[in-house]
Amino acid sequence: MKQFSVVICGFDHYDDVSINPSYEVPKALAERGVDGLDDVELTINAVSLPVSFTKAWPTLLETIEAAQPNIVIATGLKHAARGVMLERCATNLMDTAKPDVDNVTPRRAPIDPQGPAAYWTRLPLRSILKDFTRDDIPSTLSSDAGTFVCNSLFYNLLNWASTQEKVLVGFVSFPLVSETRHSQHGLPLPDLIQAGGDVVRESVRYYLKPSSQDILIA
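According to the UniProt record's numbering, the stretch in the sequence shown is residues 1 to 218, in order.
Since the hints were made in silico from the structure, they are not lab data.
Don't take each hint at face value.
What the hints assert, rightly or not - For each label pair, taking beta carbons as the anchor points, the in silico distance ranges come out as:
1. Glu165 to Pro190: 16 to 24 angstroms
2. Glu31 to Ala66: 33 to 41 angstroms
3. Ala67 to Leu141: 23 to 31 angstroms
4. Gln3 to Pro110: 20 to 28 angstroms
5. Lys209 to Trp120: 15 to 23 angstroms
Values in this document were obtained by computation on a predicted structure and should not be read as measured data.
By construction, the Cβ of each residue, glycine as well, lies at the ideal position given by its N, Cα and C atoms.
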C-alpha cells in the first residue's frame, strides 16, 4: 500500500461571499477522502489561509513542512468564473487597487525581485479536464491566477516546488456557490467538492505514473 500525502488549501473569508468554496472544498476532502485510488493510502491535510500578501504563503509553508506532502493543491475564488478554472501559470507580479485583509495594496510590484517572470503549473491538466467532462462539471483553463493574493500564493508555491525533488503543485479557482447550476452564477457545492476530488485523484495517478499525455498547458 502506497502512503501518500496531499495538502489542499483555500482562503478564510471573502467579502460579500456567504459560502466560500475555497474554504469548504478542502475541508470536505480532508474529512471524506477521495475514492477511486487502488493500493493508495491517502492522507489529505486541509489548511485555510488569510487573504494576505504577507501571511498566506508562510501559513501554507508551515503546513507543508509539517505534512511533507507529495502534492500541494491551492484553491481560490474567481467571482466572474462560470465553472472550475485550472490555472496554468503564476506570474511574478502583485498589482491591485483592492486591499488585502492587512490593508496592503501593492501596485506593479514583483513577488520576488530575483525570481523568474512566471512558473507553469505542475498538475496534469488534460487528465483533470477529462474527469470534469465525465462528471459533467463546467470547466476551463485559465491563463493565470490574476495579480491578487491567489497569484502571489501560487507563485510562491511554485517557487518553493522548484527546489524540491518531486512534488506536484497547482492552483484551482472555483466559481461562486449556487443552489443550482447557473450559466453565470456558479455551481452547487457538491459539484465543486466532486471537482476537487477529481483534481486530487488525477494528480495522485500522475504522480505514480507520469505521462506527457496528461499534461496540458496551452
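Comparing the hints with the structure gives:
{"no.": "1", "hint": "Glu165 to Pro190: 16 to 24 angstroms", "result": "36 angstroms, violated"}
{"no.": "2", "hint": "Glu31 to Ala66: 33 to 41 angstroms", "result": "19 angstroms, violated"}
{"no.": "3", "hint": "Ala67 to Leu141: 23 to 31 angstroms", "result": "28 angstroms, holds"}
{"no.": "4", "hint": "Gln3 to Pro110: 20 to 28 angstroms", "result": "38 angstroms, violated"}
{"no.": "5", "hint": "Lys209 to Trp120: 15 to 23 angstroms", "result": "20 angstroms, holds"}
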